[in-house]
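So for the sequence shown, this note's numbering puts the first residue at 782; every next one is plus one.
Heads up, a few of these hints could be off.
Claimed, not checked - Here are the in silico distance ranges between beta carbons for each label pair:
| hint | residue 1 | residue 2 | range |
| --- | --- | --- | --- |
| 1 | Glu1113 | Arg886 | 16 to 26 Å |
| 2 | Pro1016 | Asp854 | 51 to 61 Å |
| 3 | Val829 | Thr792 | 51 to 61 Å |
| 4 | Asp1009 | Thr1060 | 25 to 35 Å |
| 5 | Thr1060 | Ala1094 | 28 to 38 Å |
| 6 | Lys1216 | Arg886 | 34 to 44 Å |
| 7 | Thr967 | Glu1056 | 41 to 51 Å |
These aren't lab readings, by the way, just hints derived from the structure by calculation. For every residue, glycine included, the Cβ atom is placed at its ideal position computed from N, Cα and C.
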Amino acid sequence: MSEEQSTAPKTVTMDEVIGLCRRRGFVFQSSEIYGGINGFFDYGPLGVELRKNIKDAWWQDMVHRRDDVVGVDCSIIMHPKVWQASGHVDGFSDPMVDCKESKMRYRADQLFFAPVIVEGETIGYVSVMEDASMEDEANKKAAEMKRKLGKQGELSPVELKSYDEADPSEYELIPSPATGKPGSLTPPRDFNLMFETNVGAIRNESSVAYLRPETAQGIFAEFRNVVDTGRVKVPFGIAQVGRAFRNEITPRNFIFRSREFEQMELEYFISPDEEEWKTVHREWINWCKEWLQSIGLRPELIGEDVHPEDKLAHYSRACTDLTFRYPFGVQELWGIAARGNFDLTQHQEHSGKSMEYFDEARKEKYIPHVIEPSVGVDRIFLAVLCSAYEIDEIGGDKRTVLKFHPRMAPVKAAILPLVKNKPELVERARGLYEKLQRRFPVFYDASGAIGRRYRRQDEIGTPFCLTVDFDTLEKDNLVTIRDRDTCEQERVTEEEAIARITAAVYGE
């Protein structure tokens, strides 16, 4: 059996994604009962499963299915000298401005303004924070001001500028986004993004420590131990999945930029050969792009952004970001950087411990260079949701459906007795549920009309529904398996249903 449907995808908005996350238990605002805390989120029953699926898939493909990568799990709080050596204590900061009236705080490089020019003279400014509608909003405000203040005749175009590129003499003229008044913004100053804490019973300068702002430095600090114990040979990689913390001035766009997040990072160590790093860098860009598509990200939403040489960090040879077209615009998803040997060199100098590697093939010692693919779990989580979200029509009825890759789906199958007041049906359905429960995350639902139950499973992205009906008991001993994406239904044995779900989830 099949149901008539229209498969044209609808462009998703952030309001729709956030609404579904809240309604179906994917993501909640942290401490919501107390008004929430900005930049922190909690993951609900479905969200924690999706998050785990992303991390498990990454670890299986990055570590278990490769011969050249091993894993570590480093502590969140490390010796503060780690962050001095890496440059985070002195240089891990964003330019910050404050509104003296509203007490609101903004990142200067995300605050944009448009001068309003009438007959060649600047008569004022409008300013907005960076988001998907930034340019449209600034131009709209500027056009409105021109209409009110300008004379008849052609008006000069608005030129959108970044606050940190403005002439210092213009600072006092730029209005605060909070008040709309000029003169209330402070000049930019550096704001260190690391969360500071204290270790031990006494609080003084010697007890200061930091919550890690990235997981990479733990890998570099453990490089010597892994080489000495792990029987690894260059080229090889060390992978880690773990929490990181950044005291973002303006966390925004839901879970895209938050203050507590989780990273999946790889440091892939190679020789200093000038040509090798270029080849390996490209190989990892391709690997990461293919992996994103393998977990369900739509290829037309994925792009590449190559950093120009004048925008690279002083130690970096190259960096390419894999981007994703979120509802709020194209943003960085996965950074693949060629970092040279800066980090290991820094830790060797600050610790006094050798980070040199003896290459038996080359018969020489060197400090390895590194290629670093680094991605945030939460950003992939949001990209997976946005890629999967669709509204289509089936038999004239609209439905919201998450077309997750089965590997990503929080629930792999739902088991549905046709009615709940027939003990024989319920017993058979519960038996199938318990059999599947030993293999997959599954859901048992006996409440409501069967069509309504299908819609509930569609909205949370369950790939298959298995219905036990009267024919199962009295006629053919078969169950109905329904495909989420096509809505096609077929009568199969329980063993065939299990095999089909297994093949979809594990690719077998």
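Each hint tested on the structure:
no., hint, verdict
1, Glu1113 to Arg886: 16 to 26 Å, "holds, 23 Å"
2, Pro1016 to Asp854: 51 to 61 Å, "violated, 22 Å"
3, Val829 to Thr792: 51 to 61 Å, "violated, 28 Å"
4, Asp1009 to Thr1060: 25 to 35 Å, "holds, 28 Å"
5, Thr1060 to Ala1094: 28 to 38 Å, "violated, 21 Å"
6, Lys1216 to Arg886: 34 to 44 Å, "violated, 55 Å"
7, Thr967 to Glu1056: 41 to 51 Å, "holds, 49 Å"
Comparing the model with each numbered hint stated earlier shows that hints 2, 3, 5, 6 do not hold.
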